[in-house]
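K.L.:
The primary structure of each chain is shown beneath.
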Amino acid sequence: MTLHTCLGELILSNPVILASGTCGYGREIAPYLDLDCLGAITLKGLSSNPWMGNPPPRIHETYAGIMNSIGLENKGFERFLREDIPFLETFHTRIIANIWGKTSEEYLDIARKMDALERIDAIEVNVSCPNLEHGGESFASDCQILCQMVGALRRIIHKPLIVKLGPNTADLENALDFMEKEGVDILSVTNTFPALAVDVENQRFVFSRKTAGLSGPAIKPLALKMVYDVLQRTHLPVIGMGGIMKAEDALEFLLIGARAVAVGSANIIDPSIAIRIIEGIDFYLKRKNISCLDDLIGRVR
Amino acid sequence: MKSAKIITIRNLGSSFIEMWLEEKDIAHLARPGQFVMISPGNTFDPFLKRPLAILSTQETQFGLLFEIVGRGTELLSQFHPGDLVPVFGPLGNGFSLSPKEAILIAGGRGLVPLSFLANYFHQKKIPYIFFFGMKDHSEAVLSETIYHLQPSLILSCQEKISGQYHGTVLDAFTDWLAHSSSTSETTIYTCGPQEMYQEMSQIKAITSFRVEISLESRMGCGYGVCLSCAVKKKGFPGYYHVCKDGPVFRLGEVEL
Numbered sequence: 002m003t004l005h006t007c008l009g010e011l012i013l014s015n016p017v018i019l020a021s022g023t024c025g026y027g028r029e030i031a032p033y034l035d036l037d038c039l040g041a042i043t044l045k046g047l048s049s050n051p052w053m054g055n056p057p058p059r060i061h062e063t064y065a066g067i068m069n070s071i072g073l074e075n076k077g078f079e080r081f082l083r084e085d086i087p088f089l090e091t092f093h094t095r096i097i098a099n100i101w102g103k104t105s106e107e108y109l110d111i112a113r114k115m116d117a118l119e120r121i122d123a124i125e126v127n128v129s130c131p132n133l134e135h136g137g138e139s140f141a142s143d144c145q146i147l148c149q150m151v152g153a154l155r156r157i158i159h160k161p162l163i164v165k166l167g168p169n170t171a172d173l174e175n176a177l178d179f180m181e182k183e184g185v186d187i188l189s190v191t192n193t194f195p196a197l198a199v200d201v202e203n204q205r206f207v208f209s210r211k212t213a214g215l216s217g218p219a220i221k222p223l224a225l226k227m228v229y230d231v232l233q234r235t236h237l238p239v240i241g242m243g244g245i246m247k248a249e250d251a252l253e254f255l256l257i258g259a260r261a262v263a264v265g266s267a268n269i270i271d272p273s274i275a276i277r278i279i280e281g282i283d284f285y286l287k288r289k290n291i292s293c294l295d296d297l298i299g300r301v302r
Numbered sequence: 005m006k007s008a009k010i011i012t013i014r015n016l017g018s019s020f021i022e023m024w025l026e027e028k029d030i031a032h033l034a035r036p037g038q039f040v041m042i043s044p045g046n047t048f049d050p051f052l053k054r055p056l057a058i059l060s061t062q063e064t065q066f067g068l069l070f071e072i073v074g075r076g077t078e079l080l081s082q083f084h085p086g087d088l089v090p091v092f093g094p095l096g097n098g099f100s101l102s103p104k105e106a107i108l109i110a111g112g113r114g115l116v117p118l119s120f121l122a123n124y125f126h127q128k129k130i131p132y133i134f135f136f137g138m139k140d141h142s143e144a145v146l147s148e149t150i151y152h153l154q155p156s157l158i159l160s161c162q163e164k165i166s167g168q169y170h171g172t173v174l175d176a177f178t179d180w181l182a183h184s185s186s187t188s189e190t191t192i193y194t195c196g197p198q199e200m201y202q203e204m205s206q207i208k209a210i211t212s213f214r215v216e217i218s219l220e221s222r223m224g225c226g227y228g229v230c231l232s233c234a235v236k237k238k239g240f241p242g243y244y245h246v247c248k249d250g251p252v253f254r255l256g257e258v259e260l
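Residue numbers (the numbering used here), protein chains in the order written: chain A, 2 to 302; chain B, 5 to 260.
Source of the hints: derived by calculation from the structure; they are not laboratory data. Be a bit skeptical, because a hint or two may be false.
Unchecked claim - FRET-style restraints, in silico, Cβ to Cβ:
1. B/85 with A/200: 31 to 41 Å
2. B/259 with A/199: 20 to 30 Å
3. A/106 with B/208: 47 to 57 Å
Just so it is clear, CB atoms sit at the ideal spot from N, CA and C, and this is done for glycine as well.
Sequences and hints are given; from them, build the entire structure.
P.N.:
Given below as structure tokens:
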């Protein structure tokens, strides 16, 4: 029985990854689970310089989910290097750095720095953040801008390159074609869904930026559809994510062809939940008499 | 994730619940000022756990005392003895524990973590005085959980109740302070609504003391990964996170 899964050159001991922004830089969640039992951990999104994020309120609970407007707060590369890399070096689990910037140049800068770190196994690019050179619209909302930036990143990133596509990716078909041609290695699908909440008592929007990202089990069927749609159009390996709370949820993504899954909001309510999801997948394979995960992936087309 | 077994649960007046739970690790590790994240149910509605301050510990049990303020706390109030509740903790930094002498100032449900602290000082024979302020008589039920701390207790109420100081807890405190011999080696510990802290930072005499405040915040995770419980740093750019950097801060460290 093997839970190994290959995403191009990135080989994971099992298909369960912790999603960016729900496990800190590893140290925060480490007291609650053994990082080495995970397929991989995706670090909180990092930019070259520290970024303070949005004013509160930053979180709002919905039916079966949460909306967040954290605003990409992070400690910046230098502090990460000093405070977290020595800790991460004591583990052998795969580590995926998640990077972002406000301009193309900022993306390239953090990409160069991360690519130079031996302990980082792959780099995931968040392309859903606001592009300050183009009026604050998301990088992913203009196919040409997205492709230009991904092309530039590919030329400087030597590690496996993961592009994280959110629900608002413009012209998905062309974008996927381009990523295949440019040599992107892996796709992460999806990100939080843009959503809105109104504070009825005070008659105003809950969040100062009005919209916020919805995650949790509320989005699982939507995320599953998005992963399915992407898999119809590309040969690239996909990390499926969106509302995974238990092994059955993860298995849905794997059965439609995702080669790995990421657990996000579930970590917020139970920091050791990923271990039970791995055990649940293992148990399912035994019960179904499937000897390796590869035989399961993509069985439902 | 641990499950704690509810041993006792009782109503205090119409809006407060006191609950004791069996979970030896939390009971042994908890320090005054820390909190737990507790699940209000096994469904996804509500989705998040609730951060609740620890009232006290006894051998293998820990106590919680909370006000029913929304759907999560409403559901928690409907549990029964014997029920198992997913919970994790203790979380957060807690109060400093070795002052020469202490002044405790609690407003409303802010009594909870300070009650734990007062019990600790009582045991360690650290001299303290405990001001507990009630908004109205509905909060008087809370004071029964600290009656055993007499004579170190000064109760006040903004509504007139016979035999008690009439005014806010800060009125009671400043009146007392005017005649006290407290020195700068006294630490002041407070927990209460935001307005209480704002008013407190206006009291001139308070600047000579070390003042610790315990903040309440909406939280996502409780252990420092979601960064939801941001509170603005005072005098510096950026935010602290109540769950990990707090919930106890120095007065003057955060924007109120």
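K.L.:
All hints are to be evaluated individually against the structure, with a verdict given for each.
P.N.:
Structure-based check of each hint:
1. B/85 with A/200: 31 to 41 Å: About 37 Å separates the Cβ atoms of residue 85 of chain B and residue 200 of chain A, which means 31 to 41 Å holds.
2. B/259 with A/199: 20 to 30 Å: Between residue 259 of chain B and residue 199 of chain A, where Cβ atoms are some 26 Å apart, the hint holds.
3. A/106 with B/208: 47 to 57 Å: About 50 Å separates the Cβ atoms of residue 106 of chain A and residue 208 of chain B, which means 47 to 57 Å holds.
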